[in-house]
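Enquirer: Chain residues, written in single-letter form:
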Amino acid sequence: MREQELIQRLLDGDEAAYRQVVTDYHASMFYVARAIAGTAIADEIVQEAWLSVIKALPQFEGRSSLKTWILRIVSNNAKTRLRKESRHFSAGDAADLEVIGMPQARFSEDGHWAIPPARWNIESPDELLIRQELQACMQEAISKLPPIQQAVLSLRDMEGLSMQEICKVLTVSESNSRVLLHRARTKVFQAIEKFQGN
Amino acid sequence: MLSCKDINHLASDHIDQNLPFFTKLKVRLHLFLCKDCRNFIKQFQLSVDAIKQAKPTPVEVNLDDNAIERQVQTLIKAIRQSEHGSNK
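So the protein sequences, as listed, match chains A and B.
Per my numbering, the first sequence runs over residues 431 to 628.
Per my numbering, the second sequence runs over residues 469 to 556.
Hints may contain errors.
To be verified - Computed list of lysine to aspartate or glutamate pairs in DMTMM-like fashion (alpha-carbon distance at most 25 Å, straight line):
#, chain 1, residue 1, chain 2, residue 2
1, B, Lys545, A, Glu474
2, B, Lys494, A, Glu604
3, A, Lys598, B, Asp481
4, B, Lys503, B, Asp484
5, B, Lys523, A, Glu623
6, B, Lys523, A, Asp454
7, B, Lys510, A, Glu623
8, B, Lys545, A, Glu445
9, B, Lys510, A, Glu589
10, B, Lys503, A, Asp540
11, B, Lys520, A, Glu553
12, B, Lys523, A, Glu557
13, A, Lys617, B, Asp517
14, A, Lys485, B, Glu551
15, A, Lys624, B, Asp504
16, B, Lys503, A, Glu539
As the list claims (entries may be wrong) - Sample of chain B residues facing chain A (criterion: CB under 10 Å; computed from the structure):
#, residue
17, Ser471
18, Cys472
19, Ile475
20, His477
21, Asp481
22, Asp484
23, Lys510
24, Phe512
25, Asp517
26, Ala518
27, Gln539
28, Val540
29, Ser550
30, Glu551
Worth flagging that the hints you see were computed from the coordinates, not collected in a lab.
Think of the CB as a built atom: it goes at the ideal place given N, C-alpha and C, for glycine as much as any other residue.
Input sequences plus hints: build the corresponding full structure.
Expert: Shown next as structure tokens:
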């Protein structure tokens with residue numbers, strides 16, 4: 431369904447269209463709300479954001495995709511909520527002390543591999559995903575990521591947003607969002623590596 | 469010359485093709501010479517492709533059919549209420 435058609439059906443109150451957007455966007459909305467405002471009130475913010483979306487939809491001008499527009503509403507609602515509670519959002523707070531890539535112990539002092547990754551003998555992602563246990567392992571690794579890393583990974587690799595869109599939605603700098611993405615991907619890589627080694 | 473640790477830090481930007489021209493050349497030179505980093509980048513790319521393909525939803529996001537239906541009904545109810553309000 432084209433986006434314009436989807437928007438018209440949403441404006442008409444079409445249940446199937448709402449079912450589609452809830453299925454497609456709800457998880458990303460939750461990630462964004464949680465990354466900004468924390469787990470305790472994330473669900474509440476998503477509920478409020480849906481109502482804001484319904485109210486504002488007739489004014490949607492299509493300057494960004496519907497998804498990005500909805501995620502910005504979530505982001506604004508989450509920040510407003512934080513301001514009301516006299517808290518502030520800083521994406522870098524929790525992440526600054528973390529290493530950027532693989533752990534330091536994997537490298538020798540001259541920066542070359544001390545413990546290089548073992549070969550997986552796998553040529554395609556399908557071969558990785560054919561195993562249910564491995565999917566569960568990836569899911570667990572993603573669940574354990576700090577919320578801001580989970581949000582960046584989800585928006586970039588699962589939802590296909592550009593880095594510029596992610597920066598706008600989460601109000602992080604491009605360099606910070608790239609570091610967050612790399613940390614998140616590295617942790618999932620390490621989880622797969624550990625799984626392959628067992 | 470970049471070290472393996474540098475390649476490790478640049479891996480995401482390399483696979484997303486976000487590196488500046490000269491850094492890209494330096495990465496390519498290192499990968500040409502270093503078998504371990506070639507293997508690392510190949511497997512890193514595979515894991516990113518797997519994330520993109522599988523789109524795993526973490527357990528705390530409750531998106532079973534019932535949860536979706538409840539959310540949809542809440543939205544439809546809100547729309548009908550707002551229509552009812554504006555018709556008064």
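Enquirer: Between B/Lys545 and A/Glu474, does the CA-CA distance stay at or below 25 Å?
Expert: holds, 17 Å
Enquirer: Below or equal to 25 Å on CA atoms is what counts here, so check B/Lys510 against A/Glu589.
Expert: OK: B/Lys510 and A/Glu589 at ~22 Å, within 25 Å.
Enquirer: Below or equal to 25 Å on CA atoms is what counts here, so check B/Lys503 against A/Asp540.
Expert: holds, 17 Å
Enquirer: When the nearest CB of chain A is found for B/Ser471, is that gap smaller than 10 Å?
Expert: holds, 3 Å
Enquirer: Does A/Glu553 sit within 25 Å of B/Lys520, going by the straight-line distance between their CA atoms?
Expert: holds, 16 Å
Enquirer: Do the numbers back the hint for B/Ile475, that is, is its least Cβ distance to chain A under 10 Å?
Expert: holds, 9 Å
Enquirer: Go through the hint on B/Asp517 and say holds or violated, using the shortest Cβ distance to chain A against 10 Å.
Expert: With Cβ-Cβ at 4 Å, under 10 Å, it holds.
Enquirer: Report holds or violated for the interface hint on B/Asp484, using the least CB-CB distance to chain A and a cut-off of 10 Å.
Expert: holds, 8 Å
Enquirer: Do the alpha carbons of B/Lys523 and A/Glu623 lie within 25 Å of each other, as the hint requires?
Expert: holds, 19 Å
Enquirer: Holds or violated: are the alpha carbons of A/Lys598 and B/Asp481 at most 25 Å from each other?
Expert: holds, 19 Å
Enquirer: Hint check: is the beta carbon of B/Val540 less than 10 Å from a beta carbon of chain A?
Expert: With Cβ-Cβ at 5 Å, under 10 Å, it holds.
Enquirer: Is the interface hint satisfied for B/Glu551? The criterion is a beta-carbon contact with chain A at less than 10 Å.
Expert: holds, 8 Å
The structure shown violates none of the earlier numbered hints.
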